[in-house]
Amino acid sequence: MTANGWIQFAIYCFVLLLSVKPVGIYLARAIEGERTLFDPILRPAESFLYKLCGIKADREMNWREYAFALLGFSVVSMLITYGIERMQAILHLWNPQRLAAVAPDLAWNTAASFTTNTNWQSYTPESTMSYLTEMTGLATHNFFSAAVGIVVAIALIRGIKRTESSTIGNFWVDITRILLWILLPGSILFAIFLVSQGVPQNLNSYTTAHTLDGSTQVIAQGPVASQEAIKMLGTNGGGFFNANSAHPFENPTPLSNFAEILSIFIIPAGLTFTLGRMTGSPGHGWAVFAAMLTFFIVGFAAVYWAESHPIPLLHGFTQTQTTSSPSGNMEGKEVRFGIADSALFATVTTDASCGAVNSMHDSFTPLGGLVVLANIMLGEVIFGGVGSGLYGMLIFVILAVFIAGLMVGRTPEYLGKKIESYDVKMAMLYVLTFPLIILTLAALFVVSPKIGLSSLNNPGPHGLTEILYAFTSGAGNNGSSFAGLNANTWWYNVMLGWEMLIGRFLMMIPVLALAGNLAQKKSVPPSSGTFPVTTPLFAVLLVGVVTILGALTFFPALSLGPILEHLMVQSGHMF
Amino acid sequence: MHSLWKTSIRFSLLFTLILGIIYPLAMTGIAGVVFPKRASGSLIFVKGAILGSSLIGQRFTSDRYFHSRPSAAGNGYDAISSGGSNLAQSNPILINRIQSEIDRLQRQNSVTSVPIDLATASASGLDPDITPDAAYFQVPAVAKARGVSQEALQRLIAHHIQGRQWGVFGEPRVNVLQLNLALDSMYK
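If you're matching them up, the sequences are chains A and B in order.
Residues 305 to 879 in the working numbering are what the first sequence spells out, letter by letter.
Residues 2 to 189 in the working numbering are what the second sequence spells out, letter by letter.
Since the hints were derived computationally from the structure, they do not count as laboratory data.
Everything numeric in this text was worked out from a predicted model, so none of it was measured.
Think of the CB as a built atom: it goes at the ideal place given N, C-alpha and C, for glycine as much as any other residue.
Check the hints yourself; a few may be wrong.
As the list claims (entries may be wrong) - Partial list, computed: chain A residues near chain B (C-beta under 7 angstroms): (1) Gly376; (2) Asn506; (3) Phe562; (4) Ser631; (5) Gly642.
Produce the entire structure from the sequences given, and follow the hints as far as they go.
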């Protein structure tokens, strides 16, 4: 570890902290239809779009209507993406490399993956997807799935805020405003910045270069910057290239790297302020932020520490350790990022459900790999995906308040709402779905040599971790991977596709049900017995609930994977 | 229910048009005007022919050039098949690969200390950079192959070190392709 690495981390935290309030205010204003900078252009566009789509903007929806609209939109847009992938060869448009149609199982997996904000990729993009598919199928879904995540968080906040109301907003209005006011302008600015750092943006066919050493090199190109921008801002994470944000064309400079890491957290962190503002309890927003920040700092310190260690089983040489050559585990890392920026990116991308990578997690030290995997297993609530991080954390808040209520023996309240049996049931449905699908599917694939184990890149406990990581990443809608696993097989494609859909939509529906149920409750004034949700004590309790639930569920699996691998490597064993 | 599907289809198609076609094409137009060189991949032209991209690493095998890091992209620096080795620290394939690379570098320079980036594969397989130490490490070999003085090469490297961006971000590095291009133009 170097002083400069810690300084970069401190700068990152500082800039993130500065961004929370302005971003949170803008998000709240944009979503609630208050006046913003872009109104003169966007207001007319908005009403024109409503007219074309037949949307009645002033009609509020109850939670069932809201959920149906969300599911209907997701099904339709997923089918469109599937269709584009299957037809990319026939359509013959923006396909300079003449790439063939995507195979049915892979097209299914990819359509599910991008619809659910997972962006799991079991293919090599530069040799699989045409520019048309990237732009209209995948990049478009980066916008859609991010917006769907945010609307659910907003609906839940409305449920907390509203009293004796049967409705939680209008899905079409919410998603339109998020797309037009937040994601599109953000992406335009970010894309231009990325091009200024060297990210390509063109529709040219791949370039053939005659290298200095006398061979040829075909260089993949494409409309990278426009997709990279929304990939990061929407915590999607699906790379234009196989190496994702490690590829010099996706992430050319340390500055582009810093901006990309910041853009992952900027909306999820801002949403905590939006929560405080919209519910009229700014302190609560900050308490949730503090709990998230605590996990983030601990996670970064652990990954940075682990990756700074030289590869233990090498021998017979001294590794230079100078200020100009930071040492450590450089397998699967880029020189321009070094250890510190790789550790920071890995922590942030697994805290949030982003899944972009600028280093290869499969080649991390066993403990470094353990931490990034555990980040996802905690439920993607450390800032988390756009929207999904906040509503996931609010589920844990409900549980924390419930547990605090049990301790003092009175009905728990949360921001003036009594938390009753139905609410806790919905919260538990959310919390239990996640480990259930991960552990069931991982167990099935681990015991099957033919469909599960034949895809492994590494033997021994690391192989178990590869499979466990894949299904954790799928259910958590993260999308990063221990990329050695060859997941482009029929079984992995189909089952991961289903898992991502369950991990997204089966967990969203209880959240919307909870929002609907909270909205129709009366508000009760706080009393001396109310557990305050704005205090450091509350933040500590929240951290405790998240940790205990995650640790109890996943510790056995982790002990057979990365923990065992660490102990074996330290005692000089290979597999 | 009927209107839900109708709205979903219209909404999806309209926004696919806006976000999937108009947005990327507009960005392509703007980028091509404002940053034409970067938007088209930072290509390096020598006498009208494309020599490569300053952002994409190349493989060098000749003794007369500084070498890039080992690469797991295709058969090495394959720019349509980017990626890392994805091998684990508990996997003998990785340990043997790195160990034999270290042994080779030690024999070449008859030293015990080796910059680790020269023996490990990058994440993208297209890493254009090596650490300054890794460049200095190769000076004796290149000087011998070219028959030039080591001091001149060290000065050349010092000139090509890119420091941390804004003094703090990232790590110091040397772009191998640009270093070798400078080497060629210095000693024709």
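* Asked: For which of the previously enumerated hints does the structure constitute a violation, in increasing order of number?
  -> none
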